[in-house]
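Trainee: Here is what each chain is made of, one letter per residue.
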Amino acid sequence: MIRKTLIPWLFSLAGLAAADSPDLLRFTNGDQLHGTFIGIKEGPQAVWQREDVAVPVDFKTTRIRHIVLHGGRPLKPLGSLSHLGLVNGDRLPGTITGIDGKHVTLDTTYAGVLRIPRKQVSMLAPNPLGGRVHYHGPFIENEWKMTHSTFPDGLPDDVKPDKSDKADKADNSDKSDKADKSDKDGKVDKDPPGRWFFSGSAWYWKNKRAGTALIRETGMPDRAVLRFDLAWKNRLCLAIGFHADFARPKPKEGEDNKGGKVHGFVPGDAGDLPRLFGNSYVLQIYSNYMMLYRTAVSEEGQPSIEQVQLNNNNLRLMETGEAQVEVRSNRRSGAISLFINDEFIAQWSENDGAGNEGAGFAGKGAGFGFLVQGDDAPVRISDIVVSEWNGMPDSARSLQVDDQDIVLMANGTDRYAGRVDRLDEQGKVLFEGKHGQFHFPLEEVAEIRFARERLAAAPEDPADNLVVRFSPIGSVSGRPVSSDGSVLGILSPSAGELNLALDAAVMLDFNCSKQISDNWDAEF
Amino acid sequence: MILRVGVLWGCGLIGPLCADELTLDGGARLTGTVRSINEAGVVELASELSPEPVLLKRGTVEKVEFKSKGAAPKPPGALVELVNGDQLPVAIEALDDGKLTVVSPEAGRLEIPRDSLKTLQLGVRSLKVTYAGPRSLDEWTHGEGDAKNWVFERRGLIANGPATASAKLTLPQQFSLRFTLKWQAKQIPNFQIYFADPLKEKGALCDRYYLQFGGAGLEIKREAAKGKRWITIVQLGNRNPNDFPDHQLQVELKVDRNRSRLQLILNGKIEGDYIDPIPAVPDGSGITLVCNTQNGSPLEIRDIEVLEYDDVRDRQYSEERGEATLDGLLTREDERWGGHLREILKTGDGQIFRFLIQYKDKRDDELKEIPGAYVSTVFFAAKDGAKPDDQPHPFVLRLRGEGLLRVTSCVFNEETVSAVHPLLGPMNFRREAIVAMERTDSKPKPAPEP
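Top to bottom, those sequences are chains V and C. Note that the working numbering has the first sequence beginning at 453, numbered continuously upward. Note that the working numbering has the second sequence beginning at 375, numbered continuously upward.
No lab work stands behind these hints: they were computed from the structure. Note that CB positions come from ideal geometry on N, CA and C, so glycine has one too. Be a bit skeptical, because a hint or two may be false.
What the hints assert, rightly or not - Sample of chain C residues with no beta-carbon within 12 Å of chain V, all distances over it, derived: (1) R528; (2) E682; (3) T705; (4) E709; (5) Q732.
Stated by the list, open to error - DSSO-like mimics (lysine-lysine), calculated; alpha carbons at most 27 Å apart, straight line: (6) V:K880 to C:K502; (7) C:K502 to C:K542; (8) V:K886 to C:K736; (9) V:K685 to C:K600; (10) C:K734 to V:K886; (11) V:K880 to V:K597; (12) V:K880 to C:K742; (13) V:K597 to V:K528; (14) C:K742 to V:K886; (15) C:K602 to V:K685; (16) C:K560 to C:K643; (17) V:K886 to C:K720; (18) V:K880 to C:K441; (19) V:K571 to V:K816.
Start from the sequences and build out the full structure, keeping to the hints where you can.
Mentor: In structure tokens, the structure reads:
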């Protein structure tokens, strides 16, 4: 399995970088301090160490928004994506070693063996991504590249990010000022392109001016699922390139970035898409509609773009919100489909005809990327997974029953409804189905979703609730009890008192709002 | 899928055809009674236009739609799909490792090699009709409808001027609404059909859908009680009245209010699947018909049907096939098992499917039995190294009950049809089983990738 070899390698790199990175404390009023988190004491208060203060400083946790540990990189990342979900939304990483009528047992590297009341467990995910994972992240910033039509090889380091004040100024400038900035095509911008920010395990776009793509040049197999969590403020306008080869068009005569001229980006303009993604498919998602384009760069270096027809382009997304987006594409059959929040949205069919396998498919590469296409349209992209098409528990989503446990198999298609009895000594899930008893090898189970009607009600978060976020997956919430900086005692309403080793943690979230618009800030 | 729906229309569900109808090269048409099609491909047509039967040379007839003889019989309960995409309605007798034994009401007992099987769908039944009409003008005068310009005719309402009619019907959460629109030659019609309509007073804000057909084409809109009042769900500017030389259009709307989905089918062909973009799904059960026409240019809406719409079959059929080397079994409750369907047995309690659930380690495999009544769909494993069918199939036979077979030859006589199928070999059908025959000069497309 690629997953088993790839992920430890990624995580070991992350760990090396994390050891050198300071912690960052952000307050609710926007203040921030670099330094070292050295513990939590009664109050509760967070204890903070800096070289420029004589003694550690205590801060009220009620005034802290979050503490980012080691620059958002874990000292020792978790080696597996296996986890369980609690009724309060927590996701506890670990290996499932026992299930019986009353408890689920989870072996963790951060808190030892946990026995959690079964009615508090809403979901088990021993193999949450099913099949072969080609990419999961983002965990490492420099695995990604930022490109702009003026800088197709990547933004140079000396191009400073677009500052809001500059952007505001540009926005407020009068027409004559804008005219000064225009070249013969009316698309020249003196401001440098904006940058995406990497934070925690997410990429953020919060520049006022659009135009910079965030790309990965490899990772998509021929039959691929690209899935990610998307959060946005204001009106969503995001382009997603997939099966991209990032072929570069031939520059127009006199078109270069000498003299600091940057090719301007017109919000919503699809014309730059082939320049950014080359031979690719690009899906534009707006709050209430979507478009799929074929982008191409000919052998002569001429870029072109063509819309793929779809009768109904409607979408139903809110202004400011979050969603899980899943794009499936099959280069061989030409099938492309879009799911949002597990719901089928649209399907396109390319490669018409026999003997045409792959030939009519515009996406010629294995890369993918993102581009915000509107001004002042912040976006967060996280939990990006690229896997084989059949590696997802997708069709299983058709089972929607409250009174039965659902087992989704790792092959992405098979699923069963009934009641999970226990995990036996051979590592098999004993399952009572309508048509008999089944014995599912746990290593072939992607997810188990327990019957909703047998679950406990989700507890209210305590006033001083703290969420510990782990990398690459997981979050544990509860009332902080104590910490020496390396271990955190927490009282979980679902799992009881836990002592969490913070090696795999990347963030302590003190004022975690369920409202996504309150919950993101990339600047650290 | 398109073929399947086409057959429904052709089966006489909408209305019996009065005679066999031949479409000839270049779009010419002839009606009459096809007496035979011989081995040489010559079509013998008895027609009122000629005292002697007309003999049409091989290759001149593109398509024959046969007149229906009475209502279609009850479907036999299962639909077999072959690896080349052909479909045959059958009753299942047994399955073993080598073959599936079935009984076709049209072609008798058949043994189908397992290697030729792609999909088996069970529990195939006729959709329950909750409304068929109109039966009178009275039932369409709910609320503020204006009856003065309507004339009722058998299963039809004719508007001789601006007219509105409403009826409160039984609309399930998932329903299929069918109707036929008719207009006069050289007339630009203007129809509006509101559905899932709460039938509120005129001008009141409400949640409902409507289909609009006129000179600008066809459009489905969503009317909303909150927010933007009208939102276009689909606009087909290329479906305007001039595209329908018969001056009529058969419309089917499949509405899934549980999932906010609509499907539009025009003259038996799927136009597309659409999403209702507004969260508050219309929950009304009314239908409102609006004809905007000047006096003297009648517009007609007829053969209105509301049927239960169960999308499980379509949904399961369109699922990813998954691992191609394994069979897949889907239950009525939407479970899916992967492995090998060993056999189908007949027992005193009905059919039993014996299925080996396969895991990575063969020692973990589990043999299960499931009553046939709980089985909905079976996907058969693809044969290793199977070559695509590249043989020419000059004829397509459409059978009652969603059947479709591409055959290398066929001969019609008074009572029977003889054909040779590339996978099933020589077959004999009862003549009335054939809904239509089409000639195809091109090779058929291969079946989609599993």
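Trainee: Out of the numbered hints, which ones does the structure contradict?
Mentor: 3, 4, 5, 6, 11, 18, 19
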